[in-house]
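Peer 1: So you can see what is in the structure, the chains are spelled out below.
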Amino acid sequence: MRILSTAPHIRTRRTTKTIMLDVLIALLPAAVAGIVYFGWQAAVIIAIAMASAALTEFVWYLIEHKVWRGGRETLRAFAVQFDFTSLVTGLLLALCLPANIDGWYMPLLGSIFAVGVVKMLFGGTGKNIVNPAIAGRIFLFISFTAMTVYPAANFGPLLDDNLAIWQTNSNPPITPTWTPQDALETGATQLGNIFNLKPVLSNLDLFLGTGVAGCIGETCKLALLIGFVYLCVRGVVKWYLPVLYIGVTGLFAVALEGFNFVFFLPSILSGGLILGACFMATDYVTTPKSTLGNIIYFIALGLLTAGLRKATGMEVVSFCILLMNFLVFLIDLAIKPRPFGYVRAKKEAKK
Amino acid sequence: MIIKPRAFFRGVHPDGHKSPTAGLPAERLPRIAEAVIPLSQHAGAPAQPVVQAGQFVKRGELIAAGGGAVSANIHASIAGTVKAVEERPDGRGGSMQAVVITAADAQEDAFFAPLTDPSGEEILERIKACGIVGMGGAGFPTHVKLAPPVPVDTLILNGAECEPYLTCDDALMHEKRDEIVRGAAYMAKALGVERILIAIEKNKPAAIAAFEQTELTVVPLKKQYPMGAEKQLIYCCTGRKVPLGKLPAHTGVIVQNAATAFAVCEAVELGKPLIERIVTVTGGGIASPKNLVCPVGAPLSALAEACGGETDAAKLVAGGPMTGAALTGTDAVVTKTTGGFLFLTAKETNSDAPTPCINCGKCAQVCPMHLMPMQTEFYTDAKEYENAAKYGGVLACIECGACTYICPARRPLAQAIKTAKAQLRRNA
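The listed protein sequences derive, respectively, from chains P and B. Residues in the first sequence are numbered from 1 upward in steps of one, following this note's numbering. Residues in the second sequence are numbered from 1 upward in steps of one, following this note's numbering.
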């Protein structure tokens, strides 16, 4: 029997699976940097988050497809359709958690919420309205109030009166038994011990993440940018979209500070901006379909991020992305394609 | 002379797969026992048969006359006895009206008288009589296209051959360069234009080098699919955009395939109707891929035999892999517009089951018409065809298949587009 179908009869070798695998590879440098900087806790958090994310999808699939009837066939079908998206979700979620969270149950709960509620409940891959990893992080953020006061999960360095970068919420200890109270009492911390923490950071420190408070995956900007370049080379993301987001954020922050360009580098290099811009905001499913829509989306993200950061004094990248995710639908409805050779309808000449 | 083309920034870059047949001389297909000549090989109304069963026809004799303003004559491609005028399977799961001719032992030709120094009207008349149609695939009757409703200033010969696998035009441009140039001159005379361009993709350097030495202006195009699509080709060669809903002639340009130019030359100088063409038989599922000169109506089984037989073909395609039609079996026949037959292995077709759309937007990024195929598919699945036109822009689609080629989720986008178009046409 011949295969019959409409044209075209050949397909590119790229599939959803290979794209998701590329994203995993691109996140690898950031994960490694996180493990180097924050120790084995980071590795454990990453492992728990990824495993529980994949497991959530697996269990959901078994229930949805009635494994008690299909048996082994269902398992095989799962293996065929599994596209690594939940692994990406788990890894991203782990990378935007602080390494010093209280317990192993937090990445677990976050992954279950991200994959189970945000993704599978809405119909699985490609059907979720908001980015699962972002939603998982925010779920943890508002569920465990302790996390909101973790400096590592919050906005990183700011500029002092002399326009030198200093760490507002610096010195997160890595010990899991750490409480916010400890931070007030102890001056020196483990992180400080490891990196000879300087009271004042340079932009290079921010770029490399040395001695900077932050989440597992977001401190080492170099590692993130290596991954981002890989994604661009593989054609997974368009390079200008994250650049647009980061650039608009930096410039708007500069504008809000009275056009003082000293603020440009610290505001783009601190917090989760680069992780969010390169890996989370670019999530295909939760971005507009058209190029024009994407440009609008990323500019709006940049303005929102800089504005809300100034207004709240907190790290708001994940909230901004969540907010803009809800507006994607409206952006898509507003943009209609203009075909090649389109001629604008001429207004009738007035008689 | 060479001019630099403009670029168009969309489209896809599929693997060429042209090497098995590139540079191979076109061989003549061994004599066939029976020719099944379809009555509708062109765009427009089917031709009306003028022969009866049992009648003897010579090679080149008229067997069906054009049946309307847009139609084309059809001639016997082999000499022999008309066996029947009947319904035959078309190889695509449907049926077609065809004239079946059983080959006679002695092959006799009955061509028109050659023309010497013909006028424009004589050329048009001859093209119409010889049943020449656009040989790139659409099969639009050439005599209609060469009488545009508005004045034109440029003739573009399309030798882009942007479809992967196919090398029939490449082979023709190799071997029949002078005939193509003369054919182009005849068409230019019929049109009354001076400027003749020939557009060739850069993956055919030999053809570009050959035409550089002629009086035609060569446009070496970037290797990109769909470079040979009419609107994109006109833009790249002249910088003119065909307005939506208008003919290419409205930009002052007429595009003709290089193979059509060769057919025009033969019609004028030899009086030979369009009864044979070069067909590329290739793919991973055929023993020895070849470029074959085949009479119209030759069955695919004869072509496969001439190429050593099929090995492990999972999919048969008539035409190129991007726009061709899948076949149910080897009872398909060569028509005036068949550029090739592909025997694709399962690995080559790469036809996995569709997975959910991940909204990556690659289909819109590659669409040469700047449309939104994912929107079309979304609204077509919901049977909201008006929205498919509004948000997907489906009515401007040229059905090149680039969106479906690139889709990482293997969505059947082109199929949805065709469905939406058909439904919109029905509702209109």
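The reader is advised that the hints may include incorrect statements.
As the list claims (entries may be wrong) - In silico lysine to aspartate or glutamate, EDC-like type, Cα no more than 16 Å apart, as pairs:
1) B:Lys272 x B:Glu125
2) B:Lys272 x B:Asp381
3) B:Lys128 x B:Glu61
4) B:Lys421 x B:Glu386
5) B:Lys390 x P:Asp332
6) B:Lys421 x B:Asp381
7) P:Lys17 x B:Asp352
8) P:Lys336 x B:Asp352
9) B:Lys202 x B:Glu61
It is worth saying that the hints were derived from the structure and are not from the lab. Keep in mind the model is a prediction, meaning the values are calculated, not measured.
Peer 1: Run every hint past the structure and note whether it holds.
Peer 2: To see whether the hints hold, each was checked on the structure:
1. Of the supplied pair hints, the one linking Lys272 of chain B and Glu125 of chain B holds, its CA atoms being roughly 13 Å apart against a limit of 16 Å.
2. With a C-alpha separation of about 49 Å, the suggested pair Lys272 of chain B and Asp381 of chain B falls outside the 16 Å cut-off, and the hint is violated.
3. Note on Lys128 of chain B and Glu61 of chain B: the hinted pairing holds, with a Cα-Cα distance of about 14 Å set against a maximum of 16 Å.
4. A hinted pair counts as satisfied when its Cα atoms are at most 16 Å apart, and Lys421 of chain B with Glu386 of chain B qualifies at roughly 10 Å.
5. Under the criterion of a C-alpha separation no larger than 16 Å, the hint pairing Lys390 of chain B with Asp332 of chain P is consistent with the structure, at around 12 Å.
6. Between Lys421 of chain B and Asp381 of chain B, the direct Cα distance comes to roughly 13 Å. Compliance with the 16 Å bound is thereby established for this hinted pair.
7. For the suggested pair Lys17 of chain P and Asp352 of chain B, the alpha carbons sit about 12 Å apart, so the restraint of at most 16 Å is met.
8. With a C-alpha separation of about 31 Å, the suggested pairing of Lys336 of chain P with Asp352 of chain B is violated against the 16 Å cut-off.
9. Taking the CA atoms of Lys202 of chain B and Glu61 of chain B, the gap is about 39 Å. The hint is violated against a cut of 16 Å.
Comparing the model with each earlier hint shows violations of hints 2, 8, 9; every other hint is respected.
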